[in-house]
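Protein chains: 2
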Amino acid sequence: MSSTAVDATPAPADKTPRTERGRRTRRALLDAAAAEFGERGFHDASVSGITRRAGVALGSFYTYFNSKDALFRALVSDMSGRVRDEVAPAVRGAPPGVPAERAGLAAFLAFVREHKEIYRIIDESEFVDPDSFRRHYATTAVRIEARLRSAAALGEIRADAGEVHAWAIMGMNVFLGLRYGVWAEDGDVEVVADAAADLLCRGLAAR
Amino acid sequence: MSSTAVDATPAPADKTPRTERGRRTRRALLDAAAAEFGERGFHDASVSGITRRAGVALGSFYTYFNSKDALFRALVSDMSGRVRDEVAPAVRGAPPGVPAERAGLAAFLAFVREHKEIYRIIDESEFVDPDSFRRHYATTAVRIEARLRSAAALGEIRADAGEVHAWAIMGMNVFLGLRYGVWAEDGDVEVVADAAADLLCRGLAAR
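In order, the protein sequence lines correspond to chains S and C.
Quick note, in the working numbering, the first sequence goes up one by one and the last residue is 333.
Quick note, in the working numbering, the second sequence goes up one by one and the last residue is 333.
It should be emphasised that the hints constitute simulated quantities derived from the structure, not laboratory data.
Since the structure is predicted, the reported quantities are computational estimates derived from the model, not experimental observations.
Do not take every clue at face value.
Just a sample of chain S residues kept apart from chain C, beta carbon distances all over 12 Å, derived [as the list claims (entries may be wrong)]:
no., residue
1, E146
2, T151
3, A158
4, V182
5, A214
6, R269
The calculated label-pair distances, taken between Cβ atoms and stated as ranges, are [unchecked claim]:
no., chain 1, residue 1, chain 2, residue 2, range
7, S, D314, C, R239, 34 to 42 Å
8, C, G148, S, L184, 53 to 61 Å
9, S, D170, C, A310, 15 to 23 Å
10, C, S186, S, A161, 42 to 50 Å
11, C, G281, S, A310, 29 to 37 Å
12, S, D314, C, K242, 36 to 44 Å
13, C, S276, S, R261, 38 to 46 Å
14, S, A161, C, R260, 44 to 52 Å
15, C, A310, S, S276, 21 to 29 Å
16, S, L184, C, S193, 35 to 43 Å
17, S, E165, C, E146, 45 to 53 Å
18, C, K141, S, D170, 39 to 47 Å
19, C, R144, S, A264, 32 to 40 Å
List of simulated lysine to any residue pairs, SDA-like, C-alpha gap at most 20 Å [to be verified]:
no., chain 1, residue 1, chain 2, residue 2
20, C, K141, C, V173
21, C, K242, C, E252
22, C, K242, S, K141
23, S, K242, S, D324
24, C, K242, S, P256
25, S, K141, S, R210
26, S, K242, C, E252
27, C, K242, S, D249
28, C, K141, C, S186
29, C, K242, C, A171
30, S, K242, S, R208
31, S, K242, S, R153
32, S, K141, S, Y188
33, C, K141, C, T189
34, S, K141, S, S203
35, C, K242, S, A183
36, S, K141, S, T151
37, C, K242, S, R260
38, C, K242, S, D257
39, C, K242, S, Y263
40, S, K242, C, D249
Glycine is no exception: its CB is placed at the ideal position from the N, C-alpha and C atoms.
Take the sequences, apply the hints, and build the full model.
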């Protein structure tokens, strides 16, 4: 682990805000951190820049987080959870199998366009906090695999759908998000999702 | 661009070695750089560490590269080219369409297992040298898209295969490489490539 890896000391449990006002301040710090880390990167970002963006007194910061490292770790976990929570209702609202994966991708692309900084933050976690990076992709893949296995059990998709398919779909989604969400918004989200779903549905076979 | 971005000054053309001995030394420096950057990351890597690994005198380094930044940039370009050159013969040796993509993925997975550092180096280029990062994926996608369009013109795959399919395939390959090449080698390369090819061939459809 390089010297840039974050301090792995867990935040004491008592830093979890007990009041609604405390939860709002913590949320404001996380949102400000997303902007600051997204624009400047981990090393150039500063706690004072983050509290300034959040409109929070510098001294209050340590009520919520032990360090810039601890805040970064919390932010990766928060962003991972926000993607999950953004995608989940779209997936649940569609029939299992390819329609659910299509809906998940469309929701993900729309989320990425509004939160482009998520790529830089998750990607930088590979260097700043490798455990968070690994946890993000490992848990996402497990979630996709569970969906595929449920759909397979229902006979909606091939019976052998499993881990390789889950990682293939996750990679597809991440790179379509990079191309059509972060780099440029030249493709309509629904058109990109349709093309991907059609690929998942019947592959590359000639008609 | 953050303060960690590399100096974008191109190396003077006259740093290209003219002799076979010079080319061997440059190659040794690139290989040593892959090991040093892969293990320590860009910021903790040092020119002296790289020359020591390469068995090259520190003073000779500047005959070949202007700086650590310039060497990193050259290394990303070199690794991008090595992946391309490793995959190309496998792709050319298979029938166009899905068999070619399958062969390319199998060759890529085998390469990644031997050169796990490529992930860390390409991923770190997003922060150290963003132009190299973008160029790597943009040129890879263009290459895949060109293959798909040729195969479509031959009637081997669907006629509408294009950019979305190319990015989907690239993402699939990168994440299967991360899972089955870098993180763990628990899957047989040919079995993983077969599963991915079967997905590309006929999608997730129930049999």
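Verification of the hints:
no., hint, verdict
1, E146, "36 Å, holds"
2, T151, "28 Å, holds"
3, A158, "18 Å, holds"
4, V182, "24 Å, holds"
5, A214, "20 Å, holds"
6, R269, "14 Å, holds"
7, S:D314 with C:R239: 34 to 42 Å, "38 Å, holds"
8, C:G148 with S:L184: 53 to 61 Å, "54 Å, holds"
9, S:D170 with C:A310: 15 to 23 Å, "34 Å, violated"
10, C:S186 with S:A161: 42 to 50 Å, "45 Å, holds"
11, C:G281 with S:A310: 29 to 37 Å, "31 Å, holds"
12, S:D314 with C:K242: 36 to 44 Å, "38 Å, holds"
13, C:S276 with S:R261: 38 to 46 Å, "40 Å, holds"
14, S:A161 with C:R260: 44 to 52 Å, "22 Å, violated"
15, C:A310 with S:S276: 21 to 29 Å, "25 Å, holds"
16, S:L184 with C:S193: 35 to 43 Å, "37 Å, holds"
17, S:E165 with C:E146: 45 to 53 Å, "47 Å, holds"
18, C:K141 with S:D170: 39 to 47 Å, "30 Å, violated"
19, C:R144 with S:A264: 32 to 40 Å, "49 Å, violated"
20, C:K141 with C:V173, "17 Å, holds"
21, C:K242 with C:E252, "17 Å, holds"
22, C:K242 with S:K141, "38 Å, violated"
23, S:K242 with S:D324, "26 Å, violated"
24, C:K242 with S:P256, "15 Å, holds"
25, S:K141 with S:R210, "24 Å, violated"
26, S:K242 with C:E252, "14 Å, holds"
27, C:K242 with S:D249, "17 Å, holds"
28, C:K141 with C:S186, "12 Å, holds"
29, C:K242 with C:A171, "17 Å, holds"
30, S:K242 with S:R208, "13 Å, holds"
31, S:K242 with S:R153, "18 Å, holds"
32, S:K141 with S:Y188, "9 Å, holds"
33, C:K141 with C:T189, "6 Å, holds"
34, S:K141 with S:S203, "16 Å, holds"
35, C:K242 with S:A183, "44 Å, violated"
36, S:K141 with S:T151, "12 Å, holds"
37, C:K242 with S:R260, "15 Å, holds"
38, C:K242 with S:D257, "18 Å, holds"
39, C:K242 with S:Y263, "18 Å, holds"
40, S:K242 with C:D249, "17 Å, holds"
Of the numbered hints stated above, those contradicted by the structure are hints 9, 14, 18, 19, 22, 23, 25 and 35, listed in ascending order.
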